[in-house]
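Heads up: the sequence shown begins at 1 in this note's numbering, then just goes up one per residue.
Straight line, CA to CA, 25 Å or less: simulated PhoX-like cross-link-like pairs of lysine-lysine:
#1 Lys212 with Lys389
#2 Lys119 with Lys88
#3 Lys88 with Lys111
#4 Lys377 with Lys198
#5 Lys176 with Lys2
Hints were generated in silico from the structure; no laboratory data involved.
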Amino acid sequence: MKKYPAYKKGIYDWWEQVPSTWQEVSMKEVAVLSDERCGERQEELLSVYRELGVIRKNSRNDNHNVESEDLSNYKMVYPGYLVMNKMKMWQGSLGISDYQGIVSPAYIVCKLSGNFDSKYLHTLLRATPFKTYYNRVSRGIRVGQWDMSFSDFSSLKIFLPNLQEQQQIVRYLDWKTSQINHLIHGYERLISLLEERKTAVINEAVTKGIRKGVAMKDSCVDWIGQMPAHWNLERVRQFFHIKKDIAGTEGYDVLSITQSGIKKKDITSNEGQMANDYSNYQFVNPGEFAMNHMDLLTGYIGLSPYFGVTSPDYRVFAINDAEMCDSEYYLKVFQIGYRRHIFFKFGHGAASKGRWRLPAKEFLNYVIPVPPIQEQKEIAAHIADEIGKLDTIIERITKETELLRERRTRLISDVVTGAFDVRGIDVPEYTSEQDMEVTEDGDEYEGERAGETDC
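Please model the complete structure; the sequences and the hints are all you need to start from.
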């Protein structure tokens, strides 16, 4: 892409030069604080996502923030209003709304005025370089509790091209990012299919075994179906026991349960959910299982390679007889409970709010297939080999996807800040559906009834 014919010096170290024809504008001239409250009106709830801007809260199922029972103090938002999550501005959590609705009273809401294209300004203020400014004016004890004031935001100065040029930039970025998004969508769909393949590999191995030509029998358990005739069915309580040993003091490694295993949490980074006090966390020893049984939709289970502590809300359990049970085999059996959502029908709570837990009684009565110990080891080794091959492919595709995202981010930043001149470029029509990326479909999983025999 070509550069502009001439540039002038910018006023920030993160925006060092701007096209000479662009005009300096202070956000004080553009944004006026709005404090209108909802009152008794029935308005749609809106949310601010750092990846998307302002969206309808009910349009996604991964927002588990609980709104107040009384919404009368929520702030009104109209199309064209700027909304900012002042506690997450350092992450770029802001956007210009396309919708009328209400947002948390903790958010900053502004009415905008001026000679600008709303989509251009939305893209400009969300561009990566601006996070440098938001970081510098956000204050607090630690990153996760930083806060930005409207006064500091309104001191921001921006540079704007004329309206026609803004609209050309918007058209150009819509076109180019739609192409990139289309590629990302394809890669993410491929990753999704590979993850489905991983589930199929694990499920086939732990329910049917890997030895060919063995006699089969009906397990009378829906999620297992036919299984080798020489296998047994037992309940979890026959082989495992739940334990809870509270640390009582701090200073231990904090362990998190992730989809890729149990990881040590960097509590010094202040990223993610943090606890004020880790002394009430429970011990986890190497070789013990830890599961997030509080959320059967997004939770998972891991086998710990570490000694440390994890949330007291999680479930830690251990094998009774290690000589008769292969931990890697049973890890895959339990992971299938999450991957196929088999645990879901045993849950209790509020699924719509991400609080669908698996009670201890239901877990201990859960029916599992029990092959001979040697077969357990063979199955675990087979799964590790097959999953390793699939993970290698997934890792390569994931890297390609991340490179595309970085390219998209850099493109947007370069064009909206004037690093490149897109005037005069003929922008073809594009299909808006290409902007779609793979997201959760929002279905509440019904799961499969398990743990009770039909025979």
